[in-house]
Structure formats: structure tokens, C-alpha cells
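Trainee: Could you put the whole structure together from the sequences, leaning on the hints where they help?
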Amino acid sequence: MRSSANADRVAARLRRRYAAEKRFRAYGVAAIIIALGFLTVLLASIIADGYTAFVQTEVRLSLDLDPSVIDPSGKRDRADLSSADYAAVVHNALLARFPEASDRAARRRLFRLISQGADLEVRKLVLADPSIIGSRREMWLPMAASVDQLIKGNMARAPEKGGQFSERELAWIDALQADGSLKTRFNKWLFTGGDSRQPELAGLWGAVVGSFYSLLVTLALSFPLGVATAVYLEEFASRNRWTDLIEVNINNLAAVPSIVFGLLGLEIFLNVFELPRSSPLVGGLVLTLVSLPTIIIAARVSLKAVPPWIREAALGLGASRLQMVTHHVLPLAMPGILTGTIIGMARAIGETAPLLMIGMVAFIVDVPATPLDPATALPVQVYLWAASPERAFIERTSAAILVLLCFLAAMNATAIYLRKHFERRW
Amino acid sequence: MSTTSDAYLRQDADAAAGMAKITAGDVNVHYGDKHALKGINLAIRANEVTALIGPSGCGKSTFLRCINRMNDLIEGARVTGLITLDRQDIYDRELDVVQLRARVGMVFQKPNPFPKSIYDNVAYGPRLHGLAHSTADLEEIVVTSLERAGLYDEVKDRLDEPGTGLSGGQQQRLCIARAIAVSPEVILMDEPCSALDPIATAKVEELIDELRENFTIVIVTHSMQQAARVSQRTAFFHLGELVEVGDTEQIFTNPQHKLTQGYITGRFG
Numbered sequence: 001m002r003s004s005a006n007a008d009r010v011a012a013r014l015r016r017r018y019a020a021e022k023r024f025r026a027y028g029v030a031a032i033i034i035a036l037g038f039l040t041v042l043l044a045s046i047i048a049d050g051y052t053a054f055v056q057t058e059v060r061l062s063l064d065l066d067p068s069v070i071d072p073s074g075k076r077d078r079a080d081l082s083s084a085d086y087a088a089v090v091h092n093a094l095l096a097r098f099p100e101a102s103d104r105a106a107r108r109r110l111f112r113l114i115s116q117g118a119d120l121e122v123r124k125l126v127l128a129d130p131s132i133i134g135s136r137r138e139m140w141l142p143m144a145a146s147v148d149q150l151i152k153g154n155m156a157r158a159p160e161k162g163g164q165f166s167e168r169e170l171a172w173i174d175a176l177q178a179d180g181s182l183k184t185r186f187n188k189w190l191f192t193g194g195d196s197r198q199p200e201l202a203g204l205w206g207a208v209v210g211s212f213y214s215l216l217v218t219l220a221l222s223f224p225l226g227v228a229t230a231v232y233l234e235e236f237a238s239r240n241r242w243t244d245l246i247e248v249n250i251n252n253l254a255a256v257p258s259i260v261f262g263l264l265g266l267e268i269f270l271n272v273f274e275l276p277r278s279s280p281l282v283g284g285l286v287l288t289l290v291s292l293p294t295i296i297i298a299a300r301v302s303l304k305a306v307p308p309w310i311r312e313a314a315l316g317l318g319a320s321r322l323q324m325v326t327h328h329v330l331p332l333a334m335p336g337i338l339t340g341t342i343i344g345m346a347r348a349i350g351e352t353a354p355l356l357m358i359g360m361v362a363f364i365v366d367v368p369a370t371p372l373d374p375a376t377a378l379p380v381q382v383y384l385w386a387a388s389p390e391r392a393f394i395e396r397t398s399a400a401i402l403v404l405l406c407f408l409a410a411m412n413a414t415a416i417y418l419r420k421h422f423e424r425r426w
Numbered sequence: 001m002s003t004t005s006d007a008y009l010r011q012d013a014d015a016a017a018g019m020a021k022i023t024a025g026d027v028n029v030h031y032g033d034k035h036a037l038k039g040i041n042l043a044i045r046a047n048e049v050t051a052l053i054g055p056s057g058c059g060k061s062t063f064l065r066c067i068n069r070m071n072d073l074i075e076g077a078r079v080t081g082l083i084t085l086d087r088q089d090i091y092d093r094e095l096d097v098v099q100l101r102a103r104v105g106m107v108f109q110k111p112n113p114f115p116k117s118i119y120d121n122v123a124y125g126p127r128l129h130g131l132a133h134s135t136a137d138l139e140e141i142v143v144t145s146l147e148r149a150g151l152y153d154e155v156k157d158r159l160d161e162p163g164t165g166l167s168g169g170q171q172q173r174l175c176i177a178r179a180i181a182v183s184p185e186v187i188l189m190d191e192p193c194s195a196l197d198p199i200a201t202a203k204v205e206e207l208i209d210e211l212r213e214n215f216t217i218v219i220v221t222h223s224m225q226q227a228a229r230v231s232q233r234t235a236f237f238h239l240g241e242l243v244e245v246g247d248t249e250q251i252f253t254n255p256q257h258k259l260t261q262g263y264i265t266g267r268f269g
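Chain order of the listed sequences is A and B.
FYI, our numbering numbers position 190 of the first sequence as 190, with every residue one higher than the one before it.
FYI, our numbering numbers position 232 of the second sequence as 232, with every residue one higher than the one before it.
Since the hints were made in silico from the structure, they are not lab data.
Incorrect hints may appear among the rest.
Unchecked claim - Result set (EDC-like, lysine to aspartate or glutamate): computed pairs, CA atoms no more than 20 Å apart in a straight line:
no.	chain 1	residue 1	chain 2	residue 2
1	A	124	A	138
2	B	34	B	72
3	B	110	B	213
4	B	116	A	312
5	A	304	A	423
6	A	304	B	75
7	B	203	B	213
8	A	161	A	174
9	B	110	A	174
10	B	258	B	247
11	B	116	A	64
12	A	304	A	244
Since the structure is predicted, the reported quantities are computational estimates derived from the model, not experimental observations.
Mentor: Take a look at the structure:
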């Protein structure tokens, strides 16, 4: 009798325990679903905003490369050729297409439809091969950002709904579209150009190169410094008040807002050492400060994870401490250290605030050739474009974010690959 | 220093007779505030197996780790007294600890091969100390060591496979091969069979008996039967003190001390 009552109590307890376990699982699943939901919404909105920036509306024009316009002197001098009036070539082609635009006002309106950078494309073509002067060429040239936005449906046609074009301009655009001369094509300027005031010519390449140089400097400094610090603290230093103090401060540094490192960089690297302002070199130095604590902490954790008997085995055979570290401990800790480094680099590539302080926020058109040239970085480019009023910069901001996210995803994938590939079991 | 050391040495008849490979005189070890070893005087003869027995925490492993100065690695450990190897003070400032560890090899409780190939595991020590002049030399050392550890026939076809892929008993014999590849004079074994099954244990014990011919062996063990089987001399430790030391047969059949008797008959421990 008694024992069956006991069994019932046990069964009831068991039921409660299983229920609690199920509830706990449900909480976990719910948390993951919510997190994934937010991520999906975030990505979807960025992609929806940004995918159109990867194409650009272009117009096909038949250009008359008239020597009397391009090279009136006839000497084919490079300096003359590079300063020639290619805008006139483009404008003549437009006028030839729409002869009805005869008065000054109409011409201005017509010329406004094509990008102000269209003549640069013609110049590039002519400089590459001056022998084409005098011939007729068909070329795809970028339209102005406003036309681009109209074609992509980001801008209404009707002026009362925010449209910028008159009936006449709309008729020109429709005419071009009707005979297939107006098309959206892959936006090469986005991936080859530097920044520009004209959205249709603005590109990420300058920012990508700036970020690349910055990260190169960061990696070259923070990896050896971080690993050496971690190895010293973990394998050589004795535990005393000083090492405790250092450890606490490294952990504190990891939590310091990055803009503070930017201010430090401004004062030390720019004002004291007078390194070039806005340069990826200084950006990389500042990002080194930002990522160093992360790398040191990650490296120490990986070194701690190497089992102590590996060290004992090496020392027991008569290895010195340095040999123990270089032959056994470091190789075993390396996957973890690399993972931590890449995560530190991923943090550095997304860092904006400290770069603002050292002037990498300037408007820079040229793609930097060396780490000493003025440059900007990808996240700063996002910041700059997000602050630009033109409608066309909205999609470009999202596109820049997508490119940045792709870099981050690639870096994190590398980290996971390295961890999986070099992971050792014992 | 020499007068005091002689005084220590005289405490043990073997040491006085010059048969001792290793002597310990008034060795004290402190871990921070903890007094782990209290005034140990012990002589260890060459080409014999000396077993250190005693209940957990009695200091036998601590004493073992004094002999190759592995205690140096433990933060806060302090060793006083005199330990000599061939009448040379091993805690002498002049003495190179790396050289000492090349002369005094160690086999640990848990088999701890490096996560490298079997070959590289054994070749590591000789490479480290530059014992081989050529690849052929090195290969010979590796093969001889594996043969002496009784492992060669089992692994000869897979020397380039990871040492961590072997069974526990094979791993421990690999560790022994790795230790003897450096040609040490003394091998310290810290409960080498505690992680092994009885068959692997039997193989390692057999091996220990063979190795005695060329090496001086000090083994810490929790198994009284093992001590009785493999050792010629036995030292019984209790609460950081050396209670009794003598020929194994005498310790197990006619212990002089009440504590020893209690321990070996299983009354405590």
C-alpha cells in the first residue's frame, strides 16, 4: 500500500521534471526563432533597399569622335587629348538623337539627363586608343542618378508625387527606352570607383582599398604583439601582483569604447608623431589598439586550453620553456589563436568611430595607392553615404552595407574553417 | 656544502658504500603554506627499481618530481635540502635543468604522447638534444627505443600515424620509448599503470623489469602488488614523511614500522 503511494509520488515528480525539461527546450527554440526572425528582417530590408544599386541605368549613344572637337591642333598630344572637351562629344551625340531640343533651356534639360561623368568614359576610351579619333563609336554611358532612380521605380513620374522631370524630359526618356537605348546594366562604377558627389559615379573601391590597407597594418601589428603578449603572460610570467594588474587592465581595455582609442590615436599618431592624416596607416594603428585586447584574450584562452601534460611531457624530455612553447603549445593553440585574430579583425573592419577621429571620414575621390595616401574605410563610407541627401545614395548605402557584410561573413567563415580544419583531439 | 652533504650521505649505509645513484638529504618541500615533504633522507641504488608507496597525499609523487626538478614548474613550490645524482647536487645553481632532465627521464600517470606521429614522438628527445648525426642515426634510435619498450612489432607498419591513436597501454609504452630514446640514466615513473587495464599493466611491468638492466628506475605506485612484483627496494611514505625504506621483500614480509604494516595489510590507505 505504502510502496504504491510512494511510486505514485515518484511518477508525479517525474512528470513534472519532464514538463520542466520540455518547457526549457521550448524557451530555447523560441529564443532562436526570435533571433533568426530579427536577422531575417534586417537582412531582407537591407537587400531590398540595396540590390538595385548593383545595376545602373545607361544610355547607348552613337558618338561622333570629331577631330575638330577633340584635337583641333591635330598633334595627338596626350596632354591635349586628356583635357579635350569630351562633354561636347557627348552633348553632340544627344543633340543628334533629339534634334528638337534647339533652344538653350531645352538643351540644358537634355544634357541634365546624362551623368556629368559620361565624358570621362569617352576620354578613357580615346586615351586608350587615340587612333579611333575621327570614327563613330557606339557607347553605353551612365545616365544621371535622377533618371536612374526613375527607371528603377524609386521616383514617381508625376511632379506632384515628387517627380523631378517635366513632360518633355519624360518624353525623351521614354523615347530612349522605347528603342532599347536605355538599359540598366551592371554597375561597374560601384566596384571600381572612389567616392563621388554624383551618386551614379560613386564607388566603393576606394573604401575597400582603404579598409584593406588598414587591416593589413592592423594584422601585421596586432597578431605578433597579441600572440607574444599572450605567450609571455600565459607561459613565462609568474603570477604576481604585476601580472594580475596587467591582466585586469587588458580586460578593461577590451571594454573601452573605441572612440576613445580614436582620440588617443589623434593625439599620439597625428599630433605627436605627425603621421599623415586620414591615412590607412594611422587607421590601422588605431584599429590595432582596438583589436589587440581581443586578440590577447583569445590567444590566452587558447593557450590555457592546451592540456598541461603536453607541457610536462616536453619539459620532462628536457625541452626548454621556449622549445616547449614553439614545438608544442603554440602549434596546438594556433587554430584558436587564428580564430580569435580573425574575430578581432572582423571587429576592426566594422569599426567606424575611431576612424572618424583620425580623419578617415574625409571626402576622398581617389583610390589610395599606398597606406600613406588619404583614404576612407568601408563602414565610414556607409556613414558618409547614409548622411548624403540624394535619393540614389540610399540604395548605395545599403549596397555598401551588403559588401561590408559579405567581407564579415567571409572572415567568419574562414575562422570557422580554420577551427574545424586544425582542431586536434587528444 | 660538502661537509653537510657527507653528513647526509652517512645516514644511509648504501650511500656510504657508494652504491647510491640518487641521494636525498633532509629534503623539505613546501607548497605555499603546506609542508608537503618533511625531512626526507633516502638513497636510491643504481640499476634497481625503487617503489615509492603510501596513501594519497603522502608526498611520494612530490618526492619523485623533486628528482628531475619538475616541482620548479609549480608556482609557490619551495624545495630545501640536498638531492644528488651521482654525488652532484641537482639543485645547484650551476646545474642546467635541461641537462638534468635529459639524464632523468619521466613517465607520467596518464599516457601523454604528443599529438604527432609515433616516429616524431620518439624522435623528439633525440632531435632536441642533437643525439643523432643523420636521419639513419635517428631512425636507428627510434627503432631501438621502440624495440626496448616492446612496442616496435605492434607499430612498425604505422610509424607515421598519430601516437594518440594507439590504445592506452600502447600509448604508455610509447611514452616509455620516448623517455628512453634520450638515453637517460634514471627513469621516474609516476603511477604509470593507473590508467591501464590489467593486460596492459602486465606488459608495462614486464618492461620495467627488463629496463632495470640499463636504467635506475623510481616508480610511484598505488598498487602494493605492483610494488612487490617490480621493485627491489620499497619506500613507504606517510603524511609527508618517509616512514620506512628497505628491500621490497623485507618491507612486505617483515615491516619494522606499525604504519607500514597497517598500510600493506590494507588496514588503512
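Trainee: Let me make sure I understand: some of the numbered hints might not hold for this structure. Which ones are they, in numerical order?
Mentor: Checked against the structure, the hints that fail are numbers 3, 9 and 11, while the rest are satisfied.
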